[in-house]
Amino acid sequence: MAVDLSMPVLVVDDYKTMIRIIRNLLKQLGFTNVDDAADGTEALAKMRGKRYGLVISDWNMEPMTGYELLKEVRSDEGLKPTPFIMITAESKTENVIAAKKAGVNNYIVKPFNAATLKTKITAVIGEF
Amino acid sequence: MSAPEKAVDTSLDAVAGHIRDMDTDSLSLPDILNLAEIMVGSMQGFFGHVDTAIYKELIEISDFIDTTRSEIGRLQPRNLKDKHFPEAGLELEAIVQSTESATNTIMEQAELIMAADPDDMPGYHDTVQGAVMEIFEACSFQDITGQRISKVVSTLVHIEGKISSLADALGSALSEESVEEETAEEKRKRELILNGPALDGEGIEQSDVDDILSEGASQDDIDALFD
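Residue numbers (my numbering), protein chains in the order written: chain A, 19 to 146; chain B, -16 to 210.
Among these hints, one or two may not hold up.
Once the Cα atoms are required to be at most 20 Å apart in a straight line, the calculated EDC-like pairs of lysine to aspartate or glutamate come out as [said to hold, decoys possible]: (1) A:K128 - B:D126; (2) A:K118 - B:D193; (3) B:K172 - A:D57; (4) A:K128 - A:D22.
Since the hints were derived computationally from the structure, they do not count as laboratory data.
Just chain A, same shape as in the assembly (with noise of 0.2 Å):
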């Protein structure tokens, strides 16, 4: 089944410079539908009230980071199967591991480019 290019995306960093670029890489890729949080617990308000169909989400953030943002989405019922993907600075073996238990669906390591940005997101929800 062809991925739905309008399907809402939620971006989720603290740095807005981070969240223009991804949204434009996200554009070019051909998604027009997308929302951005500036840190986990605006982007579980936000999947609260809207189902996402991909979150990109960066490590690093206050007051709850990422992986915290994984950890509660994984644990609520209603949001578990979102596919999320990690694109963080963070880049030491631990943090890959511990992403993986919690549920990532895939870990992109900045600075990054927009290929490998193409390449996982088409791991995670499949060609478009």
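Chain A is already provided as a structure; the job is to place chain B on it using the hints.
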């Protein structure tokens, strides 16, 4: 037991022996005064030694305080507080502002190019040319940022030198084993695995991440990444 203490002990033994040998029922005042004299004489050496030892200790403490005061003075704490720290803070703020400003300019110009209509070739050409020039200009932030970072690094080196000389001067008085209590911020970072960006060679590559996340990755593969 120190030599003066031993001397006192011996004198007291002698006095005790003397008293034992005496007919205590018929002790006269001169006898008692005599004994007191012996006692005072034997204790004088001891107290004299104690006085000297305390005096030496106090001199050492006084010297230590003088050295510490002098080294702290050399640190120029007021200069650090009023000049070096605020200046370094301002430089770092300026770095954040200039990189943010340059990034915004570059992104605005890139968005202009993305939005330009390629069907209108002359207009498209002008938009791309103008945007590329703006991007080149914005990239000049790197030169100024580099200079600002050099100033901050100089400040850090200055502070490091001052603290090192203080540590050297205090020497063994500083306990290397003192364990700092973990702050709430440090606890949060540890629990939420907030390591921050890694330096070159410290973090792992995207391909390593992909290996960890791949279905076929075994524990051995993951363990190998820790080697």
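Here is how each hint holds up against the structure:
At roughly 23 Å between alpha-carbon atoms, K128 (chain A) and D126 (chain B) are farther apart than 20 Å, so this suggested pair is violated. As the CA atoms of K118 (chain A) and D193 (chain B) are separated by approximately 11 Å, the hinted pair is consistent with the 20 Å bound. Among the hinted pairs, K172 (chain B) with D57 (chain A) is consistent with the structure: their alpha-carbon atoms are about 16 Å apart, no more than 20 Å. Taken as a hint, the K128 (chain A) and D22 (chain A) pair is broken in the structure, with Cα atoms around 27 Å apart against an allowance of 20 Å.
In the structure shown, a violation is registered for the earlier hints numbered 1 and 4, in ascending order.
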